[in-house]
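With chain S held as given, fit chains Y and R onto it using these hints.
Chains as they are written, first to last, in the UniProt record's numbering: chain S, 1 to 221; chain Y, 1 to 221; chain R, 1 to 264.
No incorrect hints appear here.
Covered stretches of chain R, going by a simulated chain S footprint (3 or more residues, C-beta under 8 angstroms):
(1) 29–35
(2) 132–146
Cβ pair distances, simulated, as ranges:
(3) R:SER248 to S:SER130: 57 to 63 angstroms
(4) Y:THR93 to R:GLU244: 26 to 32 angstroms
(5) R:VAL153 to S:SER172: 42 to 48 angstroms
Below, in silico cross-link-like pairs of lysine-lysine (DSS-like), each with a Cα-Cα straight-line distance of 27 angstroms or less:
(6) S:LYS180 to R:LYS127
(7) S:LYS98 to R:LYS127
(8) S:LYS72 to R:LYS127
For the record, the hints were derived by calculation from the structure and aren't laboratory data. Positions of the beta carbon are idealized from the N, C-alpha and C atoms, including for glycine.
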Amino acid sequence: MTDTTESEIEESLFEAPPMGEQERMVEAILFATAEPVTVKELNDRMPHGADAAEALVHLRKRYEGRGVNVVKVGDAWAIRTAPDLGFLMQKETVETRKLSRAAIETLAIIAYHQPVTRAEIEEIRGVSVSRGTVDQLLEMEWIRFGRRRMTPGRPVTFVVTQDFLDHFGLESARDLPGLKELRAAGLLENRPPPGTVPQLGEGDVDAEEETEEGQSELFED
Amino acid sequence: MTDTTESEIEESLFEAPPMGEQERMVEAILFATAEPVTVKELNDRMPHGADAAEALVHLRKRYEGRGVNVVKVGDAWAIRTAPDLGFLMQKETVETRKLSRAAIETLAIIAYHQPVTRAEIEEIRGVSVSRGTVDQLLEMEWIRFGRRRMTPGRPVTFVVTQDFLDHFGLESARDLPGLKELRAAGLLENRPPPGTVPQLGEGDVDAEEETEEGQSELFED
Amino acid sequence: MNDVTPETFDVSVADRLAAEALIVDVDGFEGPLDLLLSLSRTQKVDLRKVSVLQLAQQYLAFIEQAKALRIELAADYLVMAAWLAFLKSRLLLPPDPTEEGPSGEDLAAHLAFQLERLQAMRDVAAKLMARDQLGRDFFARGVTQQVERVRKVEYTATLLDLMQGYARIRTKDEFRPFVMDRDAVFTMEQALERMRGLIGFAGTWTDISTYMPDGWNIDPGRWRSATASTFAASLELAKEGKVELRQSDTFAPIELRRKEPRGD
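This is chain S alone, in the form it adopts within the complex (with noise of 0.2 angstroms):
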C-alpha cells in the first residue's frame, strides 16, 4: 500500500494525485452510481487539480472487453454490463412498458429529426399525434422540451434526452442507426409539399424553413 504518498498528496493543495490514483477515484464514483455522470462533476469531486477526462481515457481502455465496460452517454460517463452478456441477468431485468407503435414512431422521428415540432412529427407520420403519445414519452424522460421555433406561434420543439441516448446505448444522437444513410438519402430535410398536399398540422411553411438550420444545430454537440 502506498497510502502515505498518496494522502501527502492529497493535502497539498495545488498538486493532484497521481494519474493512477485519479483513475481509481473516477473508478469508484462510475461504479456508485447508475447514472452518468459529467466530467465536470468528476472534477467537482476529486481533488483540486484532478483531470477526469485523462483518467477516463485510462479507465475506458483498461475495461475494454472487460464483463463491465465504460461507456459515454451524450456528455457524461457510466458503466454498464457488457451486452454479450446479457442473458446473465434474468433477474436483473426490469419490465419496460411496452410502447405502441406510435410511441415508437414518434420517438424515432423526434430522434432522426430533433428539434422537431408537433405539426413536423403530424406532418411526417400522416397523421395527428395524440397527447398520450408524447406524455408517455416525456414521462419516460425519452424526449424532453428543446427550443421553441422562432415562427409564427413559436411552436416548442422536441428533442431525446441523455436517458434515452443511455437506454439505447448511444453516445450521441450522432450515432443513431441509419443516420448518414437517411440525411444521404434527403430523407430528413424537411421538403416543402408543392401546393397544396393536405397538411394535418397547421401550415408549417415557416417553420419548415428554419428546420433545415434547426437540424444541423442539433447534432452538432
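The following block gives chains Y and R in isolation, referenced to the frame of chain S:
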C-alpha cells in the same frame, strides 16, 4: 486472457466457457446485482460447467488496489468502493452552532470545579443535568471521565480535556478567571433577569466559599 | 437507404391481405398515409418507383368499398381521397399551361417522398428498438451509493460564553439591593464599565452582541437601550485604542477584539 488451457480440463458435454469469460461473467453479475451474490448463485446463473469460485479468485486479484474491490460479505460476494476512497462518496457541509445554554453552564461548572460529579453539577446549577448535555460534551471531547470519587456509590467525575483547553486558548484550567476576577470584570454583577422569580436555591454563599477551595484542590493533576 | 424490406408474399397473398384490411376497419391504419403506404407494398419494392397514379386508384377504390360497407371514415381519409382524385386528374389530363400551381408530377413526387420518408422512419424505429437496451441487454450498477451529504454540526462557544454562563449560575439568586432609577435604560457608562471588564478576554473577534447585558433581551425597549449603549461603548473603547472593530458588510454583525498594546 488465459482461457483455453484451463477450460479444456472440463470434459463435460457442454464445455464450460474459458476462465477469462467466466471472470467477465462474474464481474457483470456482481456489478449489476443489488445484493451480494453467493458462489452457488453465481454458478446457477453461469453456463453449465463454470467454476465461479475460481473466477472469483481471478477477479478479486484483478481488482486489488483498484478504485473498487471484490469483497466477501458474509458468504456472498460484492463489488464495493475501496475503503480509502469513501471520501468521494461524501460531501461534507459544516454547520456551526452555538452551544446551548445548558451545555455552556455544565461545561463551565466542570471547568471550574473539576473533577466534579453529576450530582455536584446539578447542585450548583440548581437543575438536573440531562444525559444529552453531558453526552454532547463528551462527544465533542471537551470533557472526559475523571477518577471515581471515593465516596459511597463511587460516582464518576468529569474533567475538561486538552481539546477544551486548546479551544479556549488556555494553558491549563487554572488560567480560567477566578471568582474575584469575574466579579472585577462585572460578570458577577448581573442582576437576575427581569421577570424570573428569584430562586431560593441551596445557599450559594456556602457554595461560593467552597468553590474557591474546591478549585485549588482540583487542579492538581 | 434502399434496403426497404421486400415483401416476400406472392401477389395473391398480398391481395388477400389487402382485401382483409378492407374488411377489418380503417382504425387498423395509422391514418391515410399509412394506408397509402400499405397499398404501395402491393406494387413495388422501391418506393421511389411506386406508381402514384395506381396508388391513387387503389386508395379511391378502398374508400369506395369502405363507404359501401358503411364503415365510418375519419375526415382525414376523405380529405386524402379528394386530394388523390384531384392528383389523378392532374396526372391523366395534359397539363394546362394557363393553370398555376404545381404540376401533377411535382405533387406525385412529393407524395412518393412522404411515403418513402414514413417508411424510412419505420425502418429506423425498428433498428432503434432492436438495439441493445439498458435494463434488458446491458445493465447499470445494481448497488448504487448515494453521495452522502454529511451535515457536520460543530458546536462553538467562546471563553466569554463560558464565563458568562458560570457567572449566571453563581449569581442567579444572589440578593441585589441595587436599584436603578430608570431600569429600562442601560447607560453608556454602564456599558463601558461592563465592557472594560470583559474585553480582557476578547482576544479573538467576537460579535459585540455578546457583550449585551444578560436579561436585557426580554423587553424590546431595554434591548434597544442596551444595544445602543453597547455599540456606543464599543466605539468609545475603539477610540481609546483598547479594541478594534470590524464589520464585513452593511448590517453584518459588528465584531470586536482586544487591541494588543504591542504597537506602542
